[in-house]
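Asker: Listed below are the residues making up each chain.
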Amino acid sequence: MEKLSNNQIAWRAAQDIVAGSYVNLGIGFPEKVAQYQPKGHEAIFHTENGILNFGESPKPGEEDWDVINAGKKAVTIRPGTAFFHHADSFAMVRGGHLDVAILGAYEVAENGDLANWSTGPRGVPAVGGAMDLVHGAKRVAVITDHVTKDGKPKLVKACTLPLTGVGCVTRIYTSLAVIDIEGGRFVLREKLPSISVEDLQAVTGAELVIPETVADLIVPEL
Amino acid sequence: MEKLSNNQIAWRAAQDIVAGSYVNLGIGFPEKVAQYQPKGHEAIFHTENGILNFGESPKPGEEDWDVINAGKKAVTIRPGTAFFHHADSFAMVRGGHLDVAILGAYEVAENGDLANWSTGPRGVPAVGGAMDLVHGAKRVAVITDHVTKDGKPKLVKACTLPLTGVGCVTRIYTSLAVIDIEGGRFVLREKLPSISVEDLQAVTGAELVIPETVADLIVPEL
Amino acid sequence: MDKTVADLATAVAGIEDGMTVMIGGFGGAGSPIELIHALIDRFRATGHPKALTVVNNNAGNGHVGLAALIEAGMVRKLICSFPRSADPVVFTELYLAGRIELELVPQGTLAERIRAGGAGIPAFYTPTSFGTDLAKGKPVEEFEGRSYVRERWLKADVALVKAETADRHGNLTYRAAARNFNPLMCMAAAQTVVQASHIVAPGAIDPEVIVTPGIFVQKIVQVSHPHQEEDLNRANATYPLEA
Amino acid sequence: MDKTVADLATAVAGIEDGMTVMIGGFGGAGSPIELIHALIDRFRATGHPKALTVVNNNAGNGHVGLAALIEAGMVRKLICSFPRSADPVVFTELYLAGRIELELVPQGTLAERIRAGGAGIPAFYTPTSFGTDLAKGKPVEEFEGRSYVRERWLKADVALVKAETADRHGNLTYRAAARNFNPLMCMAAAQTVVQASHIVAPGAIDPEVIVTPGIFVQKIVQVSHPHQEEDLNRANATYPLEA
Chain A
1 MEKLSNNQIA WRAAQDIVAG SYVNLGIGFP EKVAQYQPKG HEAIFHTENG ILNFGESPKP
61 GEEDWDVINA GKKAVTIRPG TAFFHHADSF AMVRGGHLDV AILGAYEVAE NGDLANWSTG
121 PRGVPAVGGA MDLVHGAKRV AVITDHVTKD GKPKLVKACT LPLTGVGCVT RIYTSLAVID
181 IEGGRFVLRE KLPSISVEDL QAVTGAELVI PETVADLIVP EL
Chain B
1001 MEKLSNNQIA WRAAQDIVAG SYVNLGIGFP EKVAQYQPKG HEAIFHTENG ILNFGESPKP
1061 GEEDWDVINA GKKAVTIRPG TAFFHHADSF AMVRGGHLDV AILGAYEVAE NGDLANWSTG
1121 PRGVPAVGGA MDLVHGAKRV AVITDHVTKD GKPKLVKACT LPLTGVGCVT RIYTSLAVID
1181 IEGGRFVLRE KLPSISVEDL QAVTGAELVI PETVADLIVP EL
Chain C
2001 MDKTVADLAT AVAGIEDGMT VMIGGFGGAG SPIELIHALI DRFRATGHPK ALTVVNNNAG
2061 NGHVGLAALI EAGMVRKLIC SFPRSADPVV FTELYLAGRI ELELVPQGTL AERIRAGGAG
2121 IPAFYTPTSF GTDLAKGKPV EEFEGRSYVR ERWLKADVAL VKAETADRHG NLTYRAAARN
2181 FNPLMCMAAA QTVVQASHIV APGAIDPEVI VTPGIFVQKI VQVSHPHQEE DLNRANATYP
2241 LEA
Chain D
3001 MDKTVADLAT AVAGIEDGMT VMIGGFGGAG SPIELIHALI DRFRATGHPK ALTVVNNNAG
3061 NGHVGLAALI EAGMVRKLIC SFPRSADPVV FTELYLAGRI ELELVPQGTL AERIRAGGAG
3121 IPAFYTPTSF GTDLAKGKPV EEFEGRSYVR ERWLKADVAL VKAETADRHG NLTYRAAARN
3181 FNPLMCMAAA QTVVQASHIV APGAIDPEVI VTPGIFVQKI VQVSHPHQEE DLNRANATYP
3241 LEA
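Chains as they are written, first to last, in the numbering used here: chain A, 1 to 222; chain B, 1001 to 1222; chain C, 2001 to 2243; chain D, 3001 to 3243.
Mixed in with the good hints, there may be bad ones.
As the list claims (entries may be wrong) - Far from chain C by the CB rule (all over 12 Å, computed), these chain D residues:
1. D3002
2. H3037
3. R3044
4. G3108
5. I3121
6. T3128
7. F3143
8. T3173
9. R3179
10. Q3191
11. G3203
12. V3209
13. R3234
14. A3237
To be verified - Pairs of lysine-lysine, DSBU-like flavour, derived with a Cα cap of 30 Å:
15. C/K2077 with B/K1073
16. A/K72 with D/K3077
17. B/K1072 with B/K1138
18. D/K3077 with B/K1032
Honestly, the hints are just simulated from the structure, not real lab data. Note that the Cβ used here is the ideal one computed from N, Cα and C, for glycine as well.
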């Protein structure tokens, strides 16, 4: 089955970020979204460890390890960067001042529940800022492969893994489709042209609502 | 009956401020305490509108009306002054970071209750920072005339006016005496030599506990 | 990104009847006189906005700024800590005549409620006001043997704020004790409107010294030589000020 | 007033067995490596302090700083948001062996609990963690139709903090994202101990740019060229560092 690469999923998510938005990108895969901002669409990125409006990664050897993102990767400052402490930073998050948060997922349920912090009781649990971010933005979106490495659905009727947040996700960008969560249902908005609705439904763990218009999910080679 | 002037009461209160203390002085009469700091006893004054370590009043005509105290009087900055916003300022207060708050009083009860913000339902009520300050300092002291203008006791069994705080006052500097509140009782520590314990009791609205040693309250002419 | 607007009238255009408006300042320090006067100008010309709920530490002084806003009859309710002042005639008369509502809040609780509104904290406990008339009707809880009062967050539709320097992204600095409630109100309003003495390019303010990050600011208007309320009152000025 | 102390040993002298110690930093940024190592030095020499409860965002990395403190066996319990890291071997092994206690707190809740401890707010409500395992056993309340979890303040006996510049009164500035939890921890500890790269006279820091006012600071020690945890780990350094 054809599917989008992570870069392509990130590209698609980036297209929905309105110019001038304040955006927080989760650690890891979501960080890729920043590089696919449409030209001239200036978004401002927030990292919860205390920087607003940071820039891209420095060249190797030019890192300043006091200028890092939430994933502890080196970033850079830009004209208009601001520094602040953790309480102010999470005031931005919890207070609803971010326009968009884009997060990864282990599972997303059709009611908007998200599981993305724990794969169960094994090992050392670590939550970081995930539970704050899911309540922090006007729009909480997820980017994810449509299925797990074993081919199991990540979009499910109800999450089986420990929850990060209840009813918080409104849009999911997957390797196969763009899906909104509305009224506790998965609503299909876009899908790869090469995949039928039936095939998509077969790898989705809850019923897809199919509106009259489903757009083609067209993404450049990346 | 001999009594101390307001300046003298303020002087006496100032002598108990340990060098290096962080101190908030209430609006009006308590502001006088600052000028009687013993030489070399550097205390640091906090004003709840956002200045730590402010200095004395500027000369007339040299006021900067963005550099004011809680009473809206012009003050000055000093080496080491810091500015901050109101939430940080009341974090200092409520969080117990001040060593001493010195406040005025309409009434103080023997259990430490203080009434100093409202004389009743007439007129426009105004509370300001008083209710925060009574919970804000490691030591909350009151300076006051021993009696009202009508000669009625201000140190009472129970407050009759609306309370500012419950059980918050630990020491009272009056025009006649220095009194601690301990175990819900007024304990006499110092009195003017010219006044007998009986005379003092007569103008005090609750029983004075008289310990073995009561020091003379000796204050310079001011 | 450029949050500057051309003039004061545009800056206050989004304020509608019945809205809650936070206004920065403590006494005269940090009071956005020009934004307030622009709002009164609009009311005089159009009859709107009216029936406002205003949040400020005080109730205005003399006949300028917040006092003039109240005097113009635009304010239905005031939420403040200290509505007494050297020259409080405007508020006092309306209040005693029962023509303006007052919610009296201890100053530290007012600051914390505004911060909570901005920080997404719907309620918190404070020792302040426990056992007093101002705690009446509020839930009380004991923690480690001490009693605390539960207070709710305070949010606004609009905040009117005075800053010293703004960059075009809305990053702000303030001047001395004119800071006071201004940074908190920036956080707690859906729309924060700032008058700044200086507007500079992004990057012109050191990122270490920014007090209000731009995420909390929606509109900026330049007022190069703002009036200071205290100066106006000492000169017995009244709204409208002479040009 | 002069809050400076002569050396690192004096700076950490007040920390006793069983105390709660907040340690600033997010990853390596803002981590007071020299203060932590001085504390380990003391433990090696005297057997104290031990059985500490440590509050930090993370659980240390490699074999320096917080990781070395844990490795030395001085930490009974860790309160943190993210005890996973690039090289978390020290904490992970102890935790999986059941030899160290973990209280996992969402990062924003951790920050707010520390701020609340410093601001005299014993409890507050947050949407964070509602409906999740981390809210189990905590009171839940509905406000305006949305559910919130009640969280308690967090205080400490001592905070170990890394600042950029301190004046002798304890007024502090930080460096970039090394600010993180440091200013909050200054507020929440009975005794705040600061290592600063620069110590200057009162007045040498512009009062507008002070991030932590001196009232929140008790001891300052100069560490002119502090180690950065990230640099140490990239060099595979281990405690004790070579001089």
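Asker: Against this structure, judge whether each hint is valid.
Answerer: Comparing the hints with the structure gives:
no.	hint	result
1	D3002	holds (25 Å)
2	H3037	holds (27 Å)
3	R3044	holds (36 Å)
4	G3108	violated (9 Å)
5	I3121	violated (5 Å)
6	T3128	violated (9 Å)
7	F3143	violated (4 Å)
8	T3173	violated (7 Å)
9	R3179	violated (8 Å)
10	Q3191	holds (20 Å)
11	G3203	holds (15 Å)
12	V3209	violated (4 Å)
13	R3234	holds (25 Å)
14	A3237	holds (28 Å)
15	C/K2077 with B/K1073	holds (28 Å)
16	A/K72 with D/K3077	holds (24 Å)
17	B/K1072 with B/K1138	holds (25 Å)
18	D/K3077 with B/K1032	violated (49 Å)
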